[in-house]
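Participant: Following the hints, put chain B in place on chain A, whose structure we already have.
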Amino acid sequence: DAKTTQPPSMDCAEGRAANLPCNHSTISGNEYVYWYRQIHSQGPQYIIHGLKNNETNEMASLIITEDRKSSTLILPHATLRDTAVYYCIVRVGLRRWESQGNLIFGKGTKLSVKP
Amino acid sequence: KAGVTQTPRYLIKTRGQQVTLSCSPISGHRSVSWYQQTPGQGLQFLFEYFSETQRNKGNFPGRFSGRQFSNSRSEMNVSTLELGDSALYLCASSLGQGESYEQYFGPGTRLTVT
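Read top to bottom, the protein sequences are chains A and B.
Plus 998 on top of the position in the first sequence (first one is 1) and you've got our numbering.
With our numbering, letter number 17 in the second sequence gets 2, and the count goes up by one each step, no holes.
Hints in this document: simulated from the structure, not taken from any laboratory.
Do not take every clue at face value.
Below 30 angstroms or equal to it, Euclidean Cα-Cα: the simulated DSS-like pairs (lysine-lysine) are [what the hints assert, rightly or not]:
id	chain 1	residue 1	chain 2	residue 2
1	B	Lys42	A	Lys1105
2	A	Lys1001	A	Lys1067
3	A	Lys1001	B	Lys42
4	A	Lys1105	B	Lys(-2)
5	A	Lys1108	A	Lys1050
6	A	Lys1050	A	Lys1001
7	B	Lys42	A	Lys1067
8	A	Lys1067	A	Lys1108
9	A	Lys1050	A	Lys1067
10	A	Lys1105	A	Lys1050
11	A	Lys1108	B	Lys42
12	A	Lys1001	A	Lys1105
13	A	Lys1105	A	Lys1067
14	B	Lys(-2)	B	Lys42
Partial selection, computed: residues in chain B whose CB lies under 10 angstroms from chain A [unchecked claim]:
id	residue
15	Leu(-4)
16	Gly27
17	Leu31
18	Lys42
19	Ala77
20	Gln88
Beta carbons: idealized from backbone N, C-alpha and C, even for Gly.
Isolated chain A (complex conformation):
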């Protein structure tokens, strides 16, 4: 699976959009981009994933560049509860029965949302 690069930390004002970048310049055509976050001492929480197109759900939006070498997770209106470590993970999509049960976590970006 391709390696990802994220800034170690970011600050965001409460109520503003938080834009978390991720570089995955070696991504291959069948690799998906996943985002998880981990609030202190809790299990990681799935946020969103995508392959080529931009994706949006109730939590966030995922913008993937046309060349797929980088992506941005957008939390549109950050709250204090969004303070967490955010992980960008690239994982190959596999055929039905092949193993893909593991995620390779890097160090992530520690997002601090400030009042």
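Facilitator: Coordinates of chain B only, in the frame set by chain A:
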């Protein structure tokens, strides 16, 4: 739908003892993966079970083992505990098949080895 549950949430053991941790996946999920999280090493993959079979394994010694039951519940066992085994142990459940799918994590079991 109920989330992933892990028991116990906290555990204190002594060096040399063994421990068994339990994970109940989301209903309908057939895959359970286990991870270890420490401040030094971060989140590391231990193993994955799918339909009662281990189908993927991380780089951990044989003291770490697991199993999955027919109802998809999973247990992991650590024998001959060492101080370095102190960690947050997380399990994640997923459908386990398909081109892409998300994994859902439980709250973890905090193991302290003294």
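Participant: Given the hinted pair B:Lys42 and A:Lys1067, is their Cα-Cα distance within 30 angstroms?
Facilitator: 29 angstroms, holds
Participant: Take a quick look at whether A:Lys1108 and B:Lys42 sit within 30 angstroms of each other, Cα to Cα.
Facilitator: 28 angstroms, holds
Participant: Holds or violated: A:Lys1105 with B:Lys(-2), Cα cutoff 30 angstroms?
Facilitator: Measuring from Cα to Cα gives roughly 28 angstroms; hence the hint holds.
Participant: Are the Cα positions of A:Lys1001 and A:Lys1105 separated by 30 angstroms at most?
Facilitator: Answer holds: A:Lys1001 to A:Lys1105 is near 12 angstroms, not above 30 angstroms.
Participant: Given B:Gly27 as an interface hint, is its Cβ closer than 10 angstroms to any Cβ of chain A?
Facilitator: Since chain A brings a Cβ to about 6 angstroms from B:Gly27, closer than 10 angstroms, the hint holds.
Participant: For a C-alpha distance cap of 30 angstroms, please report whether A:Lys1108 and A:Lys1050 respect it.
Facilitator: Distance of about 26 angstroms is within 30 angstroms: holds.
Participant: Does the structure keep A:Lys1001 and A:Lys1067 at a Cα separation of 30 angstroms or less?
Facilitator: 11 angstroms, holds
Participant: With the threshold set at 30 angstroms, check whether the alpha-carbon distance from A:Lys1001 to B:Lys42 stays at or below it.
Facilitator: 20 angstroms, holds
Participant: Within 30 angstroms, alpha carbon to alpha carbon, are B:Lys(-2) and B:Lys42?
Facilitator: 25 angstroms, holds
Participant: Just to be careful, I want the Cα atoms of A:Lys1067 and A:Lys1108 compared with a cutoff of 30 angstroms; is the pair within it?
Facilitator: Given that 30 angstroms is the threshold and the Cα spacing comes to 21 angstroms, the pair holds.
Participant: Holds or violated: are the alpha carbons of A:Lys1105 and A:Lys1067 at most 30 angstroms from each other?
Facilitator: Holds, at roughly 19 angstroms.
Participant: Does the alpha-carbon distance linking A:Lys1050 and A:Lys1067 stay inside the 30 angstroms limit?
Facilitator: Measuring from Cα to Cα gives roughly 11 angstroms; hence the hint holds.
When the structure is compared with the earlier hints, a violation turns up for hint 15 alone.
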